[in-house]
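Residue numbers (this note's numbering), protein chains in the order written: chain G, 2 to 358; chain A, 733 to 1006; chain E, 39 to 343.
Please note that a few of the clues may not be correct.
Claimed, not checked - Pair by pair, the computed Cβ-Cβ distance ranges are:
id	chain 1	residue 1	chain 2	residue 2	range
1	A	789	E	98	47 to 57 Å
2	E	337	G	67	54 to 64 Å
3	E	248	A	808	32 to 42 Å
4	G	110	A	920	20 to 30 Å
5	A	740	E	337	37 to 47 Å
To be verified - Under 10 Å between C-beta atoms, here's a sample of chain E residues computed to sit facing chain A:
id	residue
6	66
7	68
8	82
9	84
10	85
11	135
12	149
13	177
14	221
15	238
16	239
17	278
18	279
19	303
20	328
No lab work stands behind these hints, which were simulated from the structure alone. Note that beta-carbon positions come from the ideal geometry of N, C-alpha and C, so glycine has one too.
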Amino acid sequence: MASIKLRNITKTFGGPNIISDLSLDIDDREFVVFVGPSGCGKSTLLRIIAGLEPVTEGDVFIGDQRVNSLPAARRNIAMVFQDYALYPHMTVYGNMAFALELRGMSKVEIDTRVRRAATMLDIEPYLDRRPKALSGGQRQRVAMGRAIVRDPQVFLFDEPLSNLDARLRGQVRAEIKALSQQLKTTMIFVTHDQVEAMTMADRIVVLHAGVIQQYDTPEQVYEHPANQFVAGFIGSPTMNFLPIRLQGDEIVLTGDGRALPLTDDRRGRLQNAGGEATLGVRPEHILLCDPREGIAASIKLVEPLGSDTMVHFDLAGTPAIARVDPAIKPKVGETIALRMAPSRVHMFDVKTGQVLT
Amino acid sequence: MSTTLSADWARRLNSLQLALVGVFLLAPVVWMVLASFKQSSDVIAYPPTLLFTPTLENYVALIETTPFLSYGVNSIIVTVGSTTLGIVLGVPAAFVISWTRVSWPAVLTLAARMVPGALFLLPWYILFRNLGMIGSYWPIILSHAVITMPIVIWILLPYFDGIPRSIYEAAQVDGCSITRILWRIALPLVGSGVAIAAILAFVFSWNFFLFVLVLSTSDTKTMIAASFNFVGEGSTRWGVLMAVATLIALPPLVLAMIVQRWLIAGLTLGAVKG
Amino acid sequence: MASLSRSTSAQITGGDTPRLNPQTLQLTALSAPAVLFTFAMIAFPFCYAIWLGFHSFSATGHTRFVGLDNYRKLIGDVEFWNGLYVTFALYFLGLALQIAGGIYLAILLFNAKRLSGFTRSLFISPILLPSAVAGMMWIIILDPSIGLANYLLSLVGLPPSEWIASPVWVLPTIALIDTWHWTPYVALIVLGGLQSLPQNVFEAAQIDGASPTRTFWRITLPLLLPTIVTATVLRSVDLLRFFDIIYIMTQGGPGNASNTLNVYGFKIGFEYFNIGYASALMLTLSTIVFGVVLALNRLRRAVAW
Ligand SMILES: Nc1ncnc2c1ncn2[C@@H]1O[C@H](COP(=O)(O)OP(=O)(O)O)[C@@H](O)[C@H]1O
Ligand SMILES: [Mg+2]
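Build out the structure end to end from the sequences listed, making use of the hints.
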């Protein structure tokens, strides 16, 4: 159990910076998820913490120890790899016992630990099998078991669910979450899937091009995205973005000049930003309303998901999506009237993408 | 109907040609083995005969009148020694090359395949003589390791490259040093590759002619080196000469049949993928 | 040698203290024996040979720097030019026979789908024989008075040949023996290439209505070219350094009719102990081999698909 501190980390592979001047504090026993699009540097950052990749500049602390030159073998961390990286020539038992054996632990102690972990993960019946004879889900559990028996300072996960089918993924997601509450160890989990991030994390690190965009709780990241990138990346379907501007006293859609009923403080913020901004509104915050009050839009596409129905349409020339109650049975070609929940919309700077405050 | 008929004929034609080529390739070997079992009168019979009473007299003569058995022992010492040395040097080297992806050392070892062996032999001979090593097995074993080590490296490289990087990393996280990763993780995973490399190294070292020709002395003479002397007196003892040739040819043939499936990789030293 | 062009980016560098990093240290330790061996047995002798090439050694053990004298002597040496001719005559003759024969055998083997592994390995067994043994077995077959070869000639009504005892026939004969020895090797490589060709191309050609002959010349052969060049490189390296079979069978004779550069150089070095001149000769031969390999490698890049 340990906290992790990254200070001004920069990483290059000889070319451009993959990670630029990144600092991050992870508390002891915290479950932190690194999320971001593929190639943004999540794995690199995780591997820097693991000691598998040296930093170009900056310092890494685990606990209060600076570990820059400490090899992975001596950092007392455990890692679950995307392809599980089980040792093909060892049994499940051997895979789990290997690290303990290297540490010179007694046979009895090893046996106790391996069996306890196996029980926890429901893999006791397979202890004598080789990885080849296991299903994907079972292998994933063995990889976790190999990490758990170590009782490490920190658990690192690099997209451990991405090779599982959708149903299993949801199940294992819940199990890892439960496990983290049981083990009370610092955990870092890397994923490109924002649903995994939202459901599992105590705090989320949203990464983009090697730079932290936002580091906060899932609620905060969802409700108060720091910039347009985070707003667009978190949430599904993605947030609608519409250009707006100040026209006289009113905030209007740039596309067709239609006035939007927004709160007064937003007018001030828009004024400060030079009168133009990008409006962000999630599909669930576009509401159906009385045709006399709302904005009329013609439905282009309907996607029923069962619990909700997604409705696609054009708003002032920009494609947009609303999440509606399936009971209203929308049809393509119909005209609907919409309004936005005034307190739930976001405004972003046109140039920097930063949220306007 | 006509297409299946012609396909059938095409297949037969193919088999026929294959058989003819096979006869051309195998007949000399068969002739050699047969001659080694012929009495001297049968060997020099003209027209050459296929019908004869087999005899072991050539082999008996070889063992009784020449130190051929001790040549055989020398051959085994040299070949086993150089194969072992090739494995000991080549396995860790191949592992490091695969790990670091720095390939120039592997390329450098191939230089030995392009340069005429005599170019190395001159300096070697001078060096070994100055070190007083001529007369021992070491010059021969060391010179043959120049053949075996590159074989081991080039055979094993794709095996090591085939191990997913993440397995090495998992082992690092589990607490393995690099040396331990080689011993506990990589070597068990490439075991069959090591066996194949060893057999091929053995065959190539066994077959190599030039270095023993110069570096062996009367005490360390191997079968191949001795064969040159037998050729000198050949016309008088054809049968014995063929017995020598048969005995020398036997180990590589037997071993190579064992690994025939992997032979191409070894013979081409990574020239052909797959 | 296709896989020679591996990436050379060294990625195992430490963070703070790259030199004392335990990983780097262990990697160095693991590779040290092989590296030391390579330097001691390959790199150093090579450089030593270059040094030898610039010196002359008297019988009294006296060493004298002679600059380019050994190389100048080479240019005036009739035997050198003869060796060069013999080397290249043998090279082109052997290469043509082996490449053509290898492609032919490879296609036969490729079409014989139901060949057992054992039968297949019978076809490659000549490769496995030491060249010394190959030389010995052909000596008796080619013997002018008792040999099987002349008997077979007489069966088809041809006059007997002197084979390796004839200055005219010695080179074709030796090329033929080497072809017997190494054609299966070329066939193995080409077979590997054939087996890795994309099958759908042939199906497409069939659908397009191409005849088998046309398919071979227009599709199979061009796709095989890189493999064929690879086989050519590997055979060139050996053919240009032709030694074993000649040394066993003819020692360069009759006269100097089969005196390749490698055999000639060996004799100068180890029979006349003219070390400086032999080194110069061997270095010249090495340069020729490197040159041919480089040229062929360029050709391979040109025919890659
Ligand atoms: N060993 C390496 N050498 C060179 N570039 C690398 C290496 N590892 C990762 N990269 C590059 O760094 C960037 C980030 O990679 P990574 O951290 O794996 O992204 P992800 O967020 O998808 O896990 C990518 O552009 C990748 O190409
Ligand atoms: Mg990744």
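Status of the hints after comparison with the structure:
1. A:789 to E:98: 47 to 57 Å: holds, 51 Å
2. E:337 to G:67: 54 to 64 Å: holds, 55 Å
3. E:248 to A:808: 32 to 42 Å: Between residue 248 of chain E and residue 808 of chain A, where Cβ atoms are some 55 Å apart, the hint is violated.
4. G:110 to A:920: 20 to 30 Å: Once the Cβ atoms are compared, 25 Å apart, the range 20 to 30 Å for residue 920 of chain A and residue 110 of chain G holds.
5. A:740 to E:337: 37 to 47 Å: holds, 40 Å
6. 66: It holds, given that the least Cβ distance between residue 66 of chain E and chain A is near 8 Å, below 10 Å.
7. 68: holds, 4 Å
8. 82: holds, 8 Å
9. 84: holds, 7 Å
10. 85: holds, 9 Å
11. 135: Nearest chain A Cβ about 12 Å off; hint violated.
12. 149: holds, 5 Å
13. 177: Holds, because the Cβ-Cβ distance from residue 177 of chain E to chain A comes to roughly 6 Å (cut-off 10 Å).
14. 221: holds, 8 Å
15. 238: Violated, about 17 Å.
16. 239: violated, 17 Å
17. 278: Given a least distance of 9 Å, the restraint on residue 278 of chain E holds.
18. 279: holds, 5 Å
19. 303: holds, 6 Å
20. 328: holds, 6 Å
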